[in-house]
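**Q** Just so you know, the sequences run in chain order R and B.
Read in order, the letters of the first sequence are residues 2 to 353 in this note's numbering.
Read in order, the letters of the second sequence are residues 2 to 353 in this note's numbering.
Rather than coming from a laboratory, the hints here were simulated on the basis of the structure.
A virtual CB, placed ideally from N, CA and C, is assigned to each residue, including glycine.
Be a bit skeptical, because a hint or two may be false.
[Unchecked claim] Here are the simulated distance ranges between beta carbons:
{"no.": "1", "chain 1": "R", "residue 1": "Asn231", "chain 2": "B", "residue 2": "Asn299", "range": "51 to 59 Å"}
{"no.": "2", "chain 1": "R", "residue 1": "Asn231", "chain 2": "B", "residue 2": "Lys132", "range": "46 to 54 Å"}
{"no.": "3", "chain 1": "R", "residue 1": "Pro155", "chain 2": "B", "residue 2": "Gly34", "range": "26 to 34 Å"}
{"no.": "4", "chain 1": "B", "residue 1": "Lys232", "chain 2": "R", "residue 2": "Gly30", "range": "31 to 39 Å"}
{"no.": "5", "chain 1": "R", "residue 1": "Lys56", "chain 2": "B", "residue 2": "Lys59", "range": "30 to 38 Å"}
{"no.": "6", "chain 1": "B", "residue 1": "Asp187", "chain 2": "R", "residue 2": "Val63", "range": "45 to 53 Å"}
{"no.": "7", "chain 1": "B", "residue 1": "Lys53", "chain 2": "R", "residue 2": "Lys168", "range": "50 to 58 Å"}
{"no.": "8", "chain 1": "B", "residue 1": "Lys196", "chain 2": "R", "residue 2": "Gly66", "range": "33 to 41 Å"}
{"no.": "9", "chain 1": "R", "residue 1": "Val63", "chain 2": "B", "residue 2": "Glu18", "range": "23 to 31 Å"}
{"no.": "10", "chain 1": "B", "residue 1": "Lys232", "chain 2": "R", "residue 2": "Lys347", "range": "34 to 42 Å"}
{"no.": "11", "chain 1": "R", "residue 1": "Gly30", "chain 2": "B", "residue 2": "Lys259", "range": "34 to 42 Å"}
{"no.": "12", "chain 1": "R", "residue 1": "Lys36", "chain 2": "B", "residue 2": "Lys167", "range": "41 to 49 Å"}
{"no.": "13", "chain 1": "R", "residue 1": "Val63", "chain 2": "B", "residue 2": "Pro183", "range": "37 to 45 Å"}
{"no.": "14", "chain 1": "B", "residue 1": "Asp334", "chain 2": "R", "residue 2": "Gly66", "range": "41 to 49 Å"}
[What the hints assert, rightly or not] Partner residues aside, some chain B positions facing chain R, computed with beta carbon under 8 Å:
{"no.": "15", "residue": "Asp185"}
{"no.": "16", "residue": "Tyr186"}
{"no.": "17", "residue": "Glu322"}
{"no.": "18", "residue": "Leu323"}
Take a look at the letters that make up each chain.
Number of protein chains: 2
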Amino acid sequence: MRHGGDLITYRDLYGGEFIDFSSNINPLGVPNGLKDIIYNKIDELTFYPDIKYRKLKKKIAVYLGCKDENVVVGNGAVEIIDDTIMALGKKVITTTPAFSEYSLRGQVHNKRVIEVKYNKDFTVNTNALIKHLEEGDLIILGNPNNPTGLRVEPNKLDMLYKEVVKKDAYLLLDEAFFEFAPKDYDSINLFKKSKYKNIIILRAATKFFGMPGIRLGYACTSKDIAEKINKIKLPWSINTIAEIAGNYIFDNKDYIEKSIDLIFEERKFMMDELKKISWIKAYNTDTNYILIQLLKSNEKEIFNFFARNGILVRKCSSFKELGNRYIRVAIKDRKNNKKLIEVFNKFEKEIL
Amino acid sequence: MRHGGDLITYRDLYGGEFIDFSSNINPLGVPNGLKDIIYNKIDELTFYPDIKYRKLKKKIAVYLGCKDENVVVGNGAVEIIDDTIMALGKKVITTTPAFSEYSLRGQVHNKRVIEVKYNKDFTVNTNALIKHLEEGDLIILGNPNNPTGLRVEPNKLDMLYKEVVKKDAYLLLDEAFFEFAPKDYDSINLFKKSKYKNIIILRAATKFFGMPGIRLGYACTSKDIAEKINKIKLPWSINTIAEIAGNYIFDNKDYIEKSIDLIFEERKFMMDELKKISWIKAYNTDTNYILIQLLKSNEKEIFNFFARNGILVRKCSSFKELGNRYIRVAIKDRKNNKKLIEVFNKFEKEIL
Chain R
2 MRHGGDLITY
12 RDLYGGEFID
22 FSSNINPLGV
32 PNGLKDIIYN
42 KIDELTFYPD
52 IKYRKLKKKI
62 AVYLGCKDEN
72 VVVGNGAVEI
82 IDDTIMALGK
92 KVITTTPAFS
102 EYSLRGQVHN
112 KRVIEVKYNK
122 DFTVNTNALI
132 KHLEEGDLII
142 LGNPNNPTGL
152 RVEPNKLDML
162 YKEVVKKDAY
172 LLLDEAFFEF
182 APKDYDSINL
192 FKKSKYKNII
202 ILRAATKFFG
212 MPGIRLGYAC
222 TSKDIAEKIN
232 KIKLPWSINT
242 IAEIAGNYIF
252 DNKDYIEKSI
262 DLIFEERKFM
272 MDELKKISWI
282 KAYNTDTNYI
292 LIQLLKSNEK
302 EIFNFFARNG
312 ILVRKCSSFK
322 ELGNRYIRVA
332 IKDRKNNKKL
342 IEVFNKFEKE
352 IL
Chain B
2 MRHGGDLITY
12 RDLYGGEFID
22 FSSNINPLGV
32 PNGLKDIIYN
42 KIDELTFYPD
52 IKYRKLKKKI
62 AVYLGCKDEN
72 VVVGNGAVEI
82 IDDTIMALGK
92 KVITTTPAFS
102 EYSLRGQVHN
112 KRVIEVKYNK
122 DFTVNTNALI
132 KHLEEGDLII
142 LGNPNNPTGL
152 RVEPNKLDML
162 YKEVVKKDAY
172 LLLDEAFFEF
182 APKDYDSINL
192 FKKSKYKNII
202 ILRAATKFFG
212 MPGIRLGYAC
222 TSKDIAEKIN
232 KIKLPWSINT
242 IAEIAGNYIF
252 DNKDYIEKSI
262 DLIFEERKFM
272 MDELKKISWI
282 KAYNTDTNYI
292 LIQLLKSNEK
302 EIFNFFARNG
312 ILVRKCSSFK
322 ELGNRYIRVA
332 IKDRKNNKKL
342 IEVFNKFEKE
352 IL
């Protein structure tokens, strides 16, 4: 299993529906009104999407607080990761454990890939990153990182960025889970004064707006890098429905606030509950998923037990460095979160 | 202008709506019922698309008459062109004039690109293609070719394929406009007995099913090549709505027949009418667009005149070899085709 959210495989294997804790999607579902907007505009499928995505970029620029010329869009965040690697990286320096595509896409494009281990507490080892950094290289960092859940601390980010600029290299911050994170810093604001020189800040509609099916990623970067990426992009890669959704969702302030509040509250609930369970270690998180170390079991046993109880969790052995004693669970709404906790307790009673 | 269909630019420039003869889309619009299917399934946006697109590949295999394992899917045909170049081509050998992305994607992936000119009558110069062909190379041929409109003749295709197999090279036939072409041969049938060894036959939902906004391309190839392409593909590149549409459209026999009949009839009408106009040369075509040489004008003058009369045509100087005396027009329904002919006649009266 390279990725979470593969419901269809498990429907076939276990023959039923699941509560999906394996992919980290906003439990509120898609914003209200989106369904009608799409229905009313379906005739636009008879046209190509705007090859320059002008209106969409304007909407995103307003949402992010940057200029249109700084915005790059993609068919999911993963396409922008791919485009950035193609357009920029001499070699790719990334971390492990992390989203597997950082390294894979580097390999697909025949780049040298260096993977730097996280520290034991899953904070970034900036010194190790810098040690490998040369002119033209691309560092890719999850911020917050998947599956470990933590953001790069502001002082480390500042230090790292200075090195990147000094060496004329590039830093791609994958902030696909940004909206779920605490508001102590916002990279878009942080790097505004440097006009996003040598940095690409990547975000996604997928997770926060509850629509992984729509495939819409976007990034804020310098005008220069945006031009380089646009030059090598496939034409029309964001389809018309994603374009329509993108033109709608960012105005939906009510949904945005509700989602942020929900995740903040449920994160606290989940962490409190998980910490009561003696045979697991739940790692602190800045986002809407939690990495859990299994002190008295393994991912296979837990996965199967939870699947038999209607819940899909993410096994983590496909992430390098983690071995077979870790799982990742999403944070959902109270009703489902309670069910997850119940199944942990059930496992303790019946199996341990 | 690298591509047709850029309505938004021209809406801005000319301040009005156009009948778009610059992109080659089925004039019937999207199949009946698609709108309701999408509306009823919009909640599926809250899930990732099937990362393996199992149901979709099954539907396409039935439509094409091949096995599931032979099917590759993409975010538009252009993504499959890109994937094929990445996965296979030592160097890329293509033709000119042709769809610009064949060469561009080769360049983006740092491949050597060789462009072979069409013969004067826009038939393929197979000898010139073969002269450059070495082991591992990828030949890309539009079939029918865009913007010239002709298919590769069966005897040439046979000869070329034998050379490709002999040299262990690859042949990508871009058949995005296949359904509009005469039914004298079907490449999927033709290469079935050789199990699609060394060949990729590419098609698209975009044009024939009237939905360029949906971005859905698919190809039939050997199991071996399909695996190579799937290995380097971006995950989830076809979004959920395209997946839903793809699961629906291929069963729609009535729409398919109606569309084929319409284009056959209108192609005859258009060719008859265009041949009456003395100051242009309309080239024979196997598909739903016509290349027109302007014997007494140039693309700019014609483009502007037609735009002022509410019609968008495709200037062709962005296609290599064609210069500024060619335009391309789509074949639409009778009402619109008549309007196009009227504007030609109006130009003759007012300008020539």
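**Q** Decide, hint by hint, whether the structure agrees.
**A** Comparing the hints with the structure gives:
1. R/Asn231 with B/Asn299: 51 to 59 Å: violated (30 Å)
2. R/Asn231 with B/Lys132: 46 to 54 Å: violated (36 Å)
3. R/Pro155 with B/Gly34: 26 to 34 Å: violated (53 Å)
4. B/Lys232 with R/Gly30: 31 to 39 Å: holds (33 Å)
5. R/Lys56 with B/Lys59: 30 to 38 Å: With a Cβ separation near 36 Å, R/Lys56 and B/Lys59 satisfy 30 to 38 Å, so the hint holds.
6. B/Asp187 with R/Val63: 45 to 53 Å: holds (50 Å)
7. B/Lys53 with R/Lys168: 50 to 58 Å: Cβ of B/Lys53 to Cβ of R/Lys168: about 41 Å, so the range 50 to 58 Å is violated.
8. B/Lys196 with R/Gly66: 33 to 41 Å: Given range 33 to 41 Å: violated, Cβ gap about 55 Å.
9. R/Val63 with B/Glu18: 23 to 31 Å: Given range 23 to 31 Å: holds, Cβ gap about 27 Å.
10. B/Lys232 with R/Lys347: 34 to 42 Å: holds (40 Å)
11. R/Gly30 with B/Lys259: 34 to 42 Å: holds (37 Å)
12. R/Lys36 with B/Lys167: 41 to 49 Å: violated (55 Å)
13. R/Val63 with B/Pro183: 37 to 45 Å: violated (51 Å)
14. B/Asp334 with R/Gly66: 41 to 49 Å: Since the Cβ atoms of B/Asp334 and R/Gly66 sit about 47 Å apart, the hinted range of 41 to 49 Å holds.
15. Asp185: violated (29 Å)
16. Tyr186: violated (30 Å)
17. Glu322: Status violated, d = 21 Å.
18. Leu323: Since the shortest Cβ distance to chain R is 20 Å, the answer is violated.
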